[in-house]
Amino acid sequence: MGGVTGNREQYTSLCRMCDNRCGINVYVENGTIVEITGLKEHKWNHGRLCVKGRLAVDMVNAPDRILKPLKRVDNKWQEINLIQAYDEIAEKIKKIQSAWGDRAMSVWKGEALGFLTQENLYRRFIHALGSPNYFSNDSQCYVGRWLGYALVTGDWATQDFIRSKCAVIWASNPPYSQPNLTQSILNGREKGGKLIVIDVRLSAIARQADEFVQILPGTDGALAHGIARQLIEDDNISHSFIKEYTVGFEAYAQYVMDFTPKRVEKETGVPAETVVHIAREIGSRRPKVAFYAGNGLEHHENGINNVRAIACLDGLLGNLDHEGGNFTAEKPALKDLTLYKEKPLRHLGPIGADKYPVLYDFRKECHTISAMDTILSEKPYPLKGIILTGANPVLTNPNSQKVIKALKSLELFVVRDLFLTETAELADYVLPAATFLEDSELHCHPIHQIISLSTEIVTFPECDSEYIFLKKLAARLGIGNYFPWKDKEELNRWLLQDTDITLETLRAHPEGYKFKPKRYLKYQKEGLPTPSGKFEFVSKYLKGHGYSELPEYVSPAYKSSPNPEYPYVMVTGARKVCYTHGRNRNFQRCRSAIPNPDIEIHPIDAEILGVKTGDIVTVTSTVGSVDIPVKVVHKSNILPGVTQVTHGWQESNINLVTHDDRNDPIDGFPLLKSVEINITPKQNRNNKD
Amino acid sequence: MDVTKCVVCRNCEYACAFQQTGDFKREDSNIRVEYHNDVKICLPQTCMHCEDAWCLEICPAAAVVRNEATGAIEIDSDRCAGCKMCILACPFGNIHFDKINMVSRKCNLCNGEPNCVSFCISGALQYTAAQNSCQNNREIFQRFIETISASNN
Chain A
723 MGGVTGNREQ YTSLCRMCDN RCGINVYVEN GTIVEITGLK EHKWNHGRLC
773 VKGRLAVDMV NAPDRILKPL KRVDNKWQEI NLIQAYDEIA EKIKKIQSAW
823 GDRAMSVWKG EALGFLTQEN LYRRFIHALG SPNYFSNDSQ CYVGRWLGYA
873 LVTGDWATQD FIRSKCAVIW ASNPPYSQPN LTQSILNGRE KGGKLIVIDV
923 RLSAIARQAD EFVQILPGTD GALAHGIARQ LIEDDNISHS FIKEYTVGFE
973 AYAQYVMDFT PKRVEKETGV PAETVVHIAR EIGSRRPKVA FYAGNGLEHH
1023 ENGINNVRAI ACLDGLLGNL DHEGGNFTAE KPALKDLTLY KEKPLRHLGP
1073 IGADKYPVLY DFRKECHTIS AMDTILSEKP YPLKGIILTG ANPVLTNPNS
1123 QKVIKALKSL ELFVVRDLFL TETAELADYV LPAATFLEDS ELHCHPIHQI
1173 ISLSTEIVTF PECDSEYIFL KKLAARLGIG NYFPWKDKEE LNRWLLQDTD
1223 ITLETLRAHP EGYKFKPKRY LKYQKEGLPT PSGKFEFVSK YLKGHGYSEL
1273 PEYVSPAYKS SPNPEYPYVM VTGARKVCYT HGRNRNFQRC RSAIPNPDIE
1323 IHPIDAEILG VKTGDIVTVT STVGSVDIPV KVVHKSNILP GVTQVTHGWQ
1373 ESNINLVTHD DRNDPIDGFP LLKSVEINIT PKQNRNNKD
Chain B
13 MDVTKCVVCR NCEYACAFQQ TGDFKREDSN IRVEYHNDVK ICLPQTCMHC
63 EDAWCLEICP AAAVVRNEAT GAIEIDSDRC AGCKMCILAC PFGNIHFDKI
113 NMVSRKCNLC NGEPNCVSFC ISGALQYTAA QNSCQNNREI FQRFIETISA
163 SNN
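Residue numbers (our numbering), protein chains in the order written: chain A, 723 to 1411; chain B, 13 to 165.
Watch out, some of these pointers could steer you wrong.
Straight-line alpha carbon distances no greater than 27 Å define the calculated DSS-like cross-link-like pairs of lysine-lysine that follow [as the list claims (entries may be wrong)]:
no.: 1; chain 1: A; residue 1: 1208; chain 2: A; residue 2: 1281
no.: 2; chain 1: A; residue 1: 1101; chain 2: A; residue 2: 1053
no.: 3; chain 1: A; residue 1: 1353; chain 2: B; residue 2: 118
no.: 4; chain 1: A; residue 1: 765; chain 2: A; residue 2: 793
no.: 5; chain 1: B; residue 1: 96; chain 2: A; residue 2: 916
no.: 6; chain 1: A; residue 1: 1298; chain 2: B; residue 2: 96
no.: 7; chain 1: A; residue 1: 816; chain 2: A; residue 2: 798
no.: 8; chain 1: B; residue 1: 52; chain 2: A; residue 2: 1353
no.: 9; chain 1: A; residue 1: 1334; chain 2: B; residue 2: 118
no.: 10; chain 1: A; residue 1: 817; chain 2: A; residue 2: 798
no.: 11; chain 1: A; residue 1: 1053; chain 2: A; residue 2: 1077
no.: 12; chain 1: A; residue 1: 817; chain 2: A; residue 2: 1127
no.: 13; chain 1: A; residue 1: 1334; chain 2: B; residue 2: 37
no.: 14; chain 1: A; residue 1: 1210; chain 2: A; residue 2: 1194
no.: 15; chain 1: A; residue 1: 1101; chain 2: A; residue 2: 1127
no.: 16; chain 1: A; residue 1: 1086; chain 2: A; residue 2: 1101
no.: 17; chain 1: A; residue 1: 1208; chain 2: A; residue 2: 1057
no.: 18; chain 1: A; residue 1: 1262; chain 2: A; residue 2: 1247
no.: 19; chain 1: A; residue 1: 765; chain 2: A; residue 2: 1298
no.: 20; chain 1: A; residue 1: 1053; chain 2: A; residue 2: 1063
no.: 21; chain 1: A; residue 1: 1065; chain 2: A; residue 2: 1010
no.: 22; chain 1: A; residue 1: 1208; chain 2: A; residue 2: 916
no.: 23; chain 1: B; residue 1: 52; chain 2: A; residue 2: 1298
no.: 24; chain 1: B; residue 1: 52; chain 2: A; residue 2: 913
no.: 25; chain 1: B; residue 1: 52; chain 2: A; residue 2: 1357
no.: 26; chain 1: A; residue 1: 793; chain 2: A; residue 2: 1057
no.: 27; chain 1: A; residue 1: 1065; chain 2: A; residue 2: 984
If you are wondering where the hints come from, they were derived from the structure by calculation, not from laboratory data.
The model shown is predicted, which means the values in this text are computed figures rather than measured ones.
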């Protein structure tokens, strides 16, 4: 677990600077974390780490870190004592409960602090309190893809890249977003696998692609259907899988027949011959084909069905749960912290569940975008309090102006974070939070079916970990019985109670403990966790909710009804190597590497607009406008007319121009990646001065 | 160094720069990576620690020395006079000038545990013994040539 050399102690843990959870060594001198390196033995990252991992040293010791509770008094921050802060917050929660009802309170979990245990603790807390309103970043990231696959296969499989003969990276850039996934993709390729990258931009991973397919934003479903049509026409499909384990093939096959290579070319911008070619490249390597569906797919008005369209390819290829394909990992039998069985609270109208029942049915996620409208309109009922942890929706939710207005109008807004973020600035109370290096949680890496324990390495006096914070608050609210475990150690032991795994075993296996050997093709005996028990090319469940049962492709609005006032289409949210969403902008080092936001545009558009790299332009949509410097990229990086802006920059917050009222009808995900915009150069202000 | 795995993510550059100066300024890095859009090649470049190192031979101050333990060609910045002869001599352009301290800078293999390798998330950079790497490099280079010819077709 640890060791001491001189006055230097060594610990092992897992990194949480993004979701990749790489194994790390953490070095401590005189109680201070001084160094972090990659853990060689860990099965996920094999000792390799990205620069974000090392940045955790800066994060934990940051001079601007919040170490004392802050209370807003006369619109100024006043440092108060932690007990007073918890007491006052508890009193205000009780007041809201008695004045407006339990459901007027809510929690909102972000990504900056913890993992799955944290998520389930917040779900437990809010249900114990009597409110169904659990919000998180997941209702606009990750869940769209999870749902798209789950509606077809019952789960979202992980990718067995290392054994695959063909890796398809669709709308994702792992070197920046999931750094150490890159190793397994490229190792698979080294063994003779093909790498196909489908993306709007020539991303980092696309640089090594055998086939880079550049596509127009939001048209991915049409390409998937085109590939499907070609596979069927070439009879390059797994008849046995289709016959034994699927439903709806006939209807699906008939539907995709309209997606001829020519039509796909017109819709997606991908040349007809490329559609045929990649379908053959993929089909000839079945069933050892692994698809990774990225975040680029889910921020559209037609996102879910585009993901479903890609998921349906698994049904044709027979790669589901196959070695080298999309592997359905098994999970360890951890105890469930949530209270959905004991205290479902569905009858209390979780916010968004009426409009997006699929999102709630499958994930028990309330809808953060609807929450803003609820706060402002008090419809369908008043929402008066939020306890938000490690999230920064001012930068990451669409329509920032509305987000700011809504959060400001809350009766009680409590933010737990490490730094005074743009969102924390709006709070009534800001509570110091603990970093992942001050907490201990259980973690799984599905592809290896391993479980690891992260380590509490240091502590700061007033920075409670998530569990301790909720336990202390719960005790003040009369729901302390839901948090009986003395500390995290006891909680973790309870979580493992029904398994044969102990904390001691996990501590003896910092490289990750294999909780179960991998088994392939489990569906053959056990069926799939879908309503029919089979692979669903068509979904009766969706039909029951009034949606199309087929993964129908709908052309994005910028194509089907272009608005001449907003002639460019903007993708937001491409990742940068040293940033994660809205985080790390306060580290000077990162600013040296990537100093400012920019809008990536094609050289042809730069010429039309008469701008060069560094010039400031105004980006306008029907929602709002923002000024941002231009970056003219190489002509192969992006298609003419298409632009990209990374989110998370306070100085050019791109969500000031994104829509919160144009959501995918199935999961309610916002339109963030095919936004119609206009670009106008700022008149050379400097020259006038 | 496997050019078929490098994705020019720049983790190596930032990790090296950090090792040198504590900052993430690319210009401080002793390894540089570049993506050549027109030929679609990712190219990492750093010191080869040549058997017959021209930088070492030409240095008038005898500041360029070989570290016997690691085999690395290193610059002793206390001895370096800042004449830039080594920069001119290096056929690969792998030495750069530190304008603040007025000395030449290059890779020293981080005393046998190169940071660029630890922070290479794609697996393009490996740190292995020379005898193991020769055959490996040959294979990699063959693949590299195939890549170039494929991209020119």
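Verification of the hints:
{"no.": "1", "hint": "1208(A) / 1281(A)", "verdict": "violated (57 Å)"}
{"no.": "2", "hint": "1101(A) / 1053(A)", "verdict": "violated (39 Å)"}
{"no.": "3", "hint": "1353(A) / 118(B)", "verdict": "violated (31 Å)"}
{"no.": "4", "hint": "765(A) / 793(A)", "verdict": "violated (44 Å)"}
{"no.": "5", "hint": "96(B) / 916(A)", "verdict": "violated (45 Å)"}
{"no.": "6", "hint": "1298(A) / 96(B)", "verdict": "violated (35 Å)"}
{"no.": "7", "hint": "816(A) / 798(A)", "verdict": "holds (25 Å)"}
{"no.": "8", "hint": "52(B) / 1353(A)", "verdict": "holds (20 Å)"}
{"no.": "9", "hint": "1334(A) / 118(B)", "verdict": "violated (34 Å)"}
{"no.": "10", "hint": "817(A) / 798(A)", "verdict": "holds (23 Å)"}
{"no.": "11", "hint": "1053(A) / 1077(A)", "verdict": "violated (31 Å)"}
{"no.": "12", "hint": "817(A) / 1127(A)", "verdict": "holds (22 Å)"}
{"no.": "13", "hint": "1334(A) / 37(B)", "verdict": "holds (23 Å)"}
{"no.": "14", "hint": "1210(A) / 1194(A)", "verdict": "holds (13 Å)"}
{"no.": "15", "hint": "1101(A) / 1127(A)", "verdict": "holds (16 Å)"}
{"no.": "16", "hint": "1086(A) / 1101(A)", "verdict": "holds (20 Å)"}
{"no.": "17", "hint": "1208(A) / 1057(A)", "verdict": "holds (17 Å)"}
{"no.": "18", "hint": "1262(A) / 1247(A)", "verdict": "holds (23 Å)"}
{"no.": "19", "hint": "765(A) / 1298(A)", "verdict": "holds (25 Å)"}
{"no.": "20", "hint": "1053(A) / 1063(A)", "verdict": "holds (19 Å)"}
{"no.": "21", "hint": "1065(A) / 1010(A)", "verdict": "violated (43 Å)"}
{"no.": "22", "hint": "1208(A) / 916(A)", "verdict": "violated (52 Å)"}
{"no.": "23", "hint": "52(B) / 1298(A)", "verdict": "holds (21 Å)"}
{"no.": "24", "hint": "52(B) / 913(A)", "verdict": "holds (21 Å)"}
{"no.": "25", "hint": "52(B) / 1357(A)", "verdict": "holds (13 Å)"}
{"no.": "26", "hint": "793(A) / 1057(A)", "verdict": "violated (36 Å)"}
{"no.": "27", "hint": "1065(A) / 984(A)", "verdict": "violated (53 Å)"}
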